[in-house]
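Following the hints, put chain B in place on chain A, whose structure we already have.
Sequence lines, in order, name chains A and B. Numbering of the first sequence is given in the numbering used here, commencing with residue 1 and proceeding in unit increments. Numbering of the second sequence is given in the numbering used here, commencing with residue 1 and proceeding in unit increments.
Since the hints were made in silico from the structure, they are not lab data. Since the model is a prediction, treat every value here as computed from it, not as a measurement. Mixed in with the good hints, there may be bad ones.
Listed next, with one range per pair, are the computed distances between beta-carbon atoms [unchecked claim]:
# : chain 1 : residue 1 : chain 2 : residue 2 : range
1 : B       : A71       : A       : D275      : 41 to 49 Å
2 : B       : V10       : A       : Q373      : 38 to 46 Å
3 : B       : P275      : A       : G265      : 32 to 40 Å
4 : A       : Q373      : B       : G134      : 23 to 31 Å
5 : A       : K277      : B       : A295      : 54 to 62 Å
6 : A       : K337      : B       : A281      : 47 to 55 Å
7 : B       : T14       : A       : K277      : 48 to 56 Å
8 : B       : F300      : A       : K77       : 35 to 43 Å
9 : A       : G265      : B       : A281      : 31 to 39 Å
Quick partial rundown of chain B residues pointing at chain A, CB under 7 Å, derived from the structure [unchecked claim]:
#  : residue
10 : E12
11 : Q13
12 : Y20
13 : A122
14 : F125
15 : P145
16 : Y218
17 : S219
18 : Q221
19 : P222
20 : G223
21 : T259
22 : R262
23 : A263
Even for Gly, the Cβ is constructed at its ideal location relative to N, Cα and C.
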Amino acid sequence: MRTTTPRAALAGLLVAVLAAAPAAAQTVKIGFITTLSGPQGAIGEHMKNSVELALDHLGRKVGGLDVEVIYGDDQVKPDVGKQLADEMLKKHKVHFVSGIIWSNVMLAVAPTVTGAGTFMIGTNAGPHELAGKMCNELFFTTSWQNDQTPEAMGKYMQDQNLTDVYAMAPNYAAGKDMIGGFKRYFKNKIVGEVYTQLGQQDYQAEISQIRAANPKAVFVFYPGGMGIQFLKQYAQAGLRGQIPLYSVYTVDEISLPAVKDAALGQFETRYWSPDLKNDANQKYVGDYRKKFGKIPSFYGAQSYDGIMLIDSAIRAVKGDLTNKNGMIAGMRKADYKSTRGPYKYNVNHFPIENFYLLKAVQDPSGELVMQIQKTVFENHKDSYAGECPMKW
Amino acid sequence: MPDEVVGTLVLEQTLNGLQYGVMLFLMAAGLTLVFGIMNLVNLAHGSFYMVGAYLATALTERTGSFVLGVALALPATLLVGVVVEIVALRTLYERDHLDQVLATFGLILFFNELVAIIWGRAAIFTSVPPFLSGHFRLLPGLPYPTYRAAIILVGAVVAVLLWLLVTRTRLGMRIRAGASNRTMVAALGIDIRLLYTLVFGLGAALAGLAGAMAGPVYSVQPGMGEGILIQVFVVIVIGGIGSIRGAIVGAIVVGMADTLGRAFLKPMLATMISPPAADKAGPALASMSIYLLMAAVLFFRPEGLFPARSRS
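For reference, chain A alone in the conformation it holds in the complex (with noise of 0.2 Å):
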C-alpha cells in the first residue's frame, strides 16, 4: 500500500496537470461517420462539403481550438458504423462523434459513444429509441425524430380533408414508422397500404394497382435511389396530374437533378429549405452553391448546424473540452446560428421546430427547386420526449 499511494498521487497530479494544461494548446477532435462509398454516397458527400464549409465560416478553429476531422465511411452498414465509432474512441480519442444517415447504423453507434463518455451529435437518423427510453445526456442532434415530418404531412392532408389515400413505403422499421407518424394525424380513410421491398427497382405492378383502386391521393416513404424509380415511373405511367403525390424524405436536392420534370408539383414536408428565409441559411445556401455549385440539401444543412453545435458548446466553456457538463448545459440552449432559423431543445436532446409544406417548382431560371408553401406546424416537438426520463 505504502509503494502505491505516492504512485497514485503522482498520477492524479499529472492528470491535473494535463487537465489545467493552456486550452489554446488543445486541438478538437470531431469524428464524422457518414456513408461515402456507393450508391448513397451522394448523400454523405452533401453531408462532408457542409462539415468543410461550416469549417470555413469557423476560420478553421471550433469554438477557438484548432479542429482536426476524421471521416468515417459506414457503407450503410451498422457493424462498420460500430467499428468506426471504436476506432475513433480508441486510436484518434475524438471528444465527439456526429453525423450518421441511417437509424440503423445510428442505433448501434450511439450507444458505443455515449457508454464511452463522449458526446454524439447526430446530423440525421433519429430514431425513436433515442428520443425515448435510450435518451442520452450526451447525446444530442440536430436533425429530427423520423417520425416528425410524416406527422406533418398526415396533418397537412388531414387539414385539406383529403380522404380515400393510398399509403406506401419499403417494408423495414423506418418504413413502418413512417406509415405510423402519417397515421397519427392522419384519421380519415385510406384505402391501401402498401410496404415493397426495401430497394426496389421496379413499381409497375404497384402503380398498376393503384389506377385499379383509383384514390383521392398517394402518400409515399421513398428515400434515395427507391424514390428516383417510383417518381419517375408515376410519372410514365400517366399518374402524374391525375392522383396526386405527397411523400417524404422521397423528392429532395439530391435526387430533384435525377428526376426533372416527373416530380415538378410534388408535394413534401420538411423542416428545412433552401429557400428558408434567415441570415444563417442564405449564408449557407449561398456559399454552398459557389463553391461545390450545386443547391445543397437537408442532409448538408443539418451537418452544417452540427458543427455549429459542438463550436457553441466549445465556446460555452471556454475551450475547456473536460467540463462535459458545461457543455451539455451550453448545447441545450441551442446557441448557435441554426440554418433552420432559433430552435429550442427538448428534454430528450432533439429539436422543437417547424415543419413546412414544400412543393417542387420550377423557378425563372428554369432550374427545378424545391419551394415552402406553407407552415405545417410551428415548434412541433417529437411523439416520444414524454418516455425519455432526462430532467433538465
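What follows is chain B alone, placed relative to chain A:
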C-alpha cells in the same frame, strides 16, 4: 372492384410480369452462357448492366438520339466485356469457384468506384425518348406505358435472334458444344479461348442492353446492377445453367411470379385469413415467392427446368 376492372388489371399485371421477365432474360442469357460454357461464376455481370446504362446515357447526351446512344452502347459494353475477360478473368478459369467469386466481387467494387469517379455518385437523369414516352390504349380502360411495351418487343426480338444464333449458326454450334463438353471441343481443334472471349463479350453486351433500356425507367447510379443480379441468379438456377431456352423460360416464370405475387398475393390471402394478418404475410410472402419457386424447382429438378445436355 367491378369484374372488367379486375380483368384488365390481371392483363396489365401479366404484361408487367412479361416486361420484367424480358429484362431478366437479357441479363440471364449472358450469365448462363458464361457459367455453363466457361464454368465461371461471374458476380460482376451486374456491372455490365450498370456500364451499359451509363454509356447509353452518356452517348445519348452526346449524339442527341436515344436509339443511337443505345446502339453505340452495345458494342462499347461488348468491348468492356472483352477487355475484362482478357485482363482479369483468363487466369481464373482453372481456379475454383470461391476464387472466382472473390475476384469478380472485386470487379463489382472496381466498376462501382470507377463509375462514381467518372460520373459522380449521385443518380443521373435520363428520360424516355419523346417517341416512346406516354402511354397508348391497349384495350378500352387499359392504358399501357409505350416504353414498357417497347422493352417487351426488343426482348422478344433479341430472344429470337439469340435462338437463331445458338441453333442455326456455326458459332452457336460451338457454343452448345462448349456447354456440353469443353475438353472435347478443345480436342477438336477449336480455339476455346477465342470462343470464351466471344461468349463473354456477347453476354456483357446483352447485360449492357438491359442496362441501357433500364436507364430511363430506373435510376442510373453506381451499384445499380447488384439489385437485379440476385434475381438473375435465381433465373438461371430455375432455368438450368448453360441453357438459353432455360434462361427464357426461367426469366418469364420469375418475372411473372414476382409481379403477380406482389400484386395479388395480399388480396388473395385476405380472402382466406384475416385482413390484418394478410397485410403482414402478403408482402413477406411476395418477396419470398421467387425463392420458394427456386427451392421447389431445385427439389424436383436439381438441374433446373432445361439443363444444357450432359455437363459431365
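**Study point:** Evaluation of the interface hint that places B/R262 against chain A, nearest CB under 7 Å
**Key:** Status holds, d = 5 Å.
Exercise for review: State, for the Cβ atoms of B/F300 and A/K77, whether the hinted interval 35 to 43 Å holds or is violated.
Suggested key: At roughly 37 Å between Cβ atoms, A/K77 and B/F300 fall inside 35 to 43 Å, so the hint holds.
Practice item. Classify the hint on B/E12 as holds or violated, based on whether any CB of chain A lies nearer than 7 Å to its CB. Key: holds (5 Å)
**Study point:** Distance restraint hint 54 to 62 Å, applied to the beta-carbon atoms of A/K277 and B/A295
**Key:** Holds: the Cβ-Cβ distance is about 58 Å, inside 54 to 62 Å.
Review point. B/A71 and A/D275, beta-carbon distance inside 41 to 49 Å?
Key: holds (43 Å)
Practice item. Return the status of the interface hint for B/F125: holds when the least beta-carbon distance to chain A is below 7 Å, violated otherwise. Key: At about 5 Å, which falls below the 7 Å cut-off, the nearest Cβ of chain A leaves the hint on B/F125 intact, so it holds.
Check your understanding: Per the hint of 31 to 39 Å, is the separation of the Cβ atoms of A/G265 and B/A281 within bounds?
Key -> holds (36 Å)
Check your understanding: Taking the closest Cβ pair, is B/S219 under 7 Å from chain A?
Key -> holds (4 Å)
Practice item. Indicate whether the distance between the beta carbons of B/V10 and A/Q373 respects the range 38 to 46 Å. Key: holds (40 Å)
Review point. Should the hint that B/Q221 touches chain A count as held when the rule is a Cβ pair under 7 Å?
Key: holds (5 Å)
Check your understanding: A/K337 and B/A281, beta-carbon distance inside 47 to 55 Å?
Key -> 51 Å Cβ-Cβ, so the 47 to 55 Å window holds.
Review point. Close enough to count: is the Cβ of B/A122 nearer than 7 Å to one in chain A?
Key: Result: holds, 4 Å to nearest chain A Cβ.
Taken one by one, the earlier hints all hold for this structure without exception.
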